[in-house]
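Chains as they are written, first to last, in this note's numbering: chain A, 1 to 110; chain B, 111 to 436.
One or more of the hints may lead you astray.
Unchecked claim - In silico DMTMM-like links for lysine to aspartate or glutamate, alpha-carbon gap of 25 angstroms or less:
hint, chain 1, residue 1, chain 2, residue 2
1, B, Lys316, A, Glu44
2, B, Lys257, A, Asp63
3, B, Lys186, B, Glu231
4, B, Lys158, B, Glu118
5, B, Lys316, A, Glu29
6, A, Lys12, B, Asp122
7, B, Lys363, A, Glu42
8, A, Lys2, B, Glu256
9, A, Lys12, B, Glu121
10, B, Lys350, A, Asp63
11, B, Lys316, A, Glu42
12, A, Lys12, B, Glu366
13, B, Lys257, A, Glu8
14, A, Lys43, B, Glu140
15, A, Lys45, B, Glu410
16, A, Lys43, B, Glu256
17, B, Lys316, A, Glu18
18, B, Lys158, A, Asp63
19, A, Lys43, B, Asp258
20, A, Lys45, B, Asp258
21, B, Lys350, A, Glu8
22, B, Lys186, B, Asp319
23, B, Lys257, A, Glu44
24, B, Lys350, A, Glu44
25, B, Lys178, B, Glu140
26, B, Lys257, A, Asp9
27, B, Lys133, B, Glu366
28, A, Lys43, B, Asp319
29, B, Lys158, A, Glu77
30, B, Lys243, B, Glu256
31, B, Lys133, B, Glu410
The hints are simulated quantities; they were obtained by calculation from the structure and are not laboratory data.
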Amino acid sequence: MKTYYNPEDLAKFGNMGEDAPEMWKKFMEYYGQVFAAGALTEKEKALIAFAVAHAVQCPYCIDSYTQTLLQMGVNQEQMIEAVHVAAAIRGGATLAHGMQAKNVIKNLEL
Amino acid sequence: MDKNTYLEHTEDFPHFSSRQECKEFGMTHEQLDVLQVNIGETCNLACKHCHLTAGPVRTETMSKEVMKACLEVFDKHGFKTLDITGGAPELNPHFEWLVEEATKRNIHTIVRTNLVILGEEKHRHIPEFYARKKVEIVASLPYYTEKDTDRQRGSGVFATSISALQILNDLGYGKSPDLILNLVYNPGGAFLPPGQSSLTVDFRNKLFDLYGISFNQLFTITNNPIGRFGDFLERTDNMKAYMSRLVSAFNPKAVENMMCRSQLSVGWDGTLYDCDFNLALGLPVDGILRIQDLRETSLEIRKIVFGNHCYACTAGAGSSCGGATA
């Protein structure tokens with residue numbers, strides 16, 4: 001293995017169904033239902049997926065949902081705003097956890 | 111290496127003509143509806159996606175004699191729509207004569223304009239001319255933002271296009287029922303277009319909210335992997351992946367409604383093609399080859415000349431000069 005991440009593996013995602021076909025089938029049904037239009041549009045769901053993909057830093061998902069969004073008529077400016085949403089929540093969550101440190105300090109300091 | 115070597119000789123996917131649906135629907139209809147006339151390849155723009163590689167340096171221009179033959183053939187064979195395209199059709203010196211003659215005969219006439227030409231000094235009278243003749247306008251506007259539009263069509267194109275659309279709206283286009291203004295979106299890269307109805311909502315909201323612009327319909331058109339766009343795909347090593355995308359999205363239902371089944375396309379010199387893409391590739395019809403020769407003969411059902419570039423018209427929701435087909 002020369003690299004942990006290989007772009008060709010994205011197209012082989014379906015191979016994950018080889019060893020646990022029943023669970024794979026259920027996952028794919030669930031996945032399909034999640035991304036179908038409902039209370040949110042398909043485009044809104046794809047933008048959420050795109051932002052989450054950046055937050056969890058999945059290169060496969062970033063590649064896939066960038067292409068999906070281009071094909072949905074979303075431009076670069078709109079996508080980068082979505083990345084900032086992910087960045088703001090990650091940054092905000094980091095800062096919010098500072099409260100834990102402050103609480104520990106408050107409990108221990110004179 | 112011939113630039114179409116991969117497109118026509120690859121074994122990565124079945125040749126378009128070998129598809130069962132293409133054999134079933136590979137003939138034209140008995141009665142054709144649209145006579146598409148490409149009156150020249152000169153253009154004031156040089157868009158990155160242009161399948162014709164049209165631009166300011168191109169000089170091919172249709173003569174008045176060929177235009178006369180087009181009108182005669184239109185009448186004789188009962189076409190319903192004259193679809194005038196280019197290049198920028200307004201740059202042909204006989205363009206206004208052709209529109210005058212067509213509308214005098216009450217022919218439903220469409221002109222495909224790039225909008226920018228309407229802002230040039232010599233052509234500023236054209237919008238009023240269109241309105242007077244009740245020409246249906248199909249205008250290129252690849253996106254509702256300046257950055258995306260200018261990246262594809264050239265610097266300053268968006269601002270000039272918006273001004274031209276506002277002038278057309280002021281004349282009643284997109285508002286009055288007999289002045290039809292349709293827009294054309296095509297993707298700004300190696301990907302398929304979005305759903306036509308969802309993108310129409312975005313275009314309608316953004317163009318009205320930001321610029322007060324109204325239009326009738328938005329047509330989404332898939333980029334064809336030939337011409338300047340084909341060069342881009344080759345240059346950036348995207349051809350294989352783009353073709354894979356088109357082939358994966360092959361929609362058998364789109365074949366029955368392919369535009370080539372109900373139209374005839376005429377090149378600047380009168381040569382006949384199944385569509386403007388075949389015209390760009392130099393693939394003439396399988397049958398009588400010149401419009402001049404159709405004045406005296408009957409119009410036979412003909413076998414359509416398919417190539418792998420035809421996958422662009424059958425991907426996803428299908429694609430034609432009138433937008434999605436399936």
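Is it true that the CA of B:Lys316 sits at most 25 angstroms from the CA of A:Glu44? holds, 17 angstroms
Between A:Lys12 and B:Glu121, does the CA-CA distance stay at or below 25 angstroms? holds, 21 angstroms
Decide if the proposed pair is consistent with the structure: B:Lys257 and A:Asp9, CA atoms, cutoff 25 angstroms inclusive. violated, 34 angstroms
Taking 25 angstroms as the top limit, are the C-alpha atoms of B:Lys158 and A:Glu77 close enough? holds, 20 angstroms
Quick one, are B:Lys186 and B:Glu231 close enough, alpha carbons at most 25 angstroms? Judged against 25 angstroms, a Cα distance of about 38 angstroms means the pair is violated.
Holds or violated: A:Lys45 to B:Asp258, with C-alpha atoms at most 25 angstroms apart: holds, 23 angstroms
Straight-line Cα separation of B:Lys158 and B:Glu118 no greater than 25 angstroms? holds, 22 angstroms
25 angstroms limit on alpha-carbon distance, applied to hinted pair B:Lys186 and B:Asp319: The given pair, whose Cα atoms are some 46 angstroms apart, is violated under the 25 angstroms limit.
Would you mind confirming whether the straight-line C-alpha gap from B:Lys350 to A:Glu8 stays at or under 25 angstroms? holds, 14 angstroms
Can you confirm whether the C-alpha distance between B:Lys363 and A:Glu42 stays at or below 25 angstroms? holds, 23 angstroms
Can the restraint linking A:Lys43 and B:Asp319 be considered satisfied, given a maximum Cα separation of 25 angstroms? holds, 21 angstroms
Would the hint linking B:Lys133 and B:Glu366 be met if the CA-CA limit is 25 angstroms? holds, 11 angstroms
In summary, the structure is inconsistent with hints 3, 5, 8, 12, 13, 14, 15, 17, 22, 24, 26, 30 from the numbered list given earlier, while agreeing with the others.
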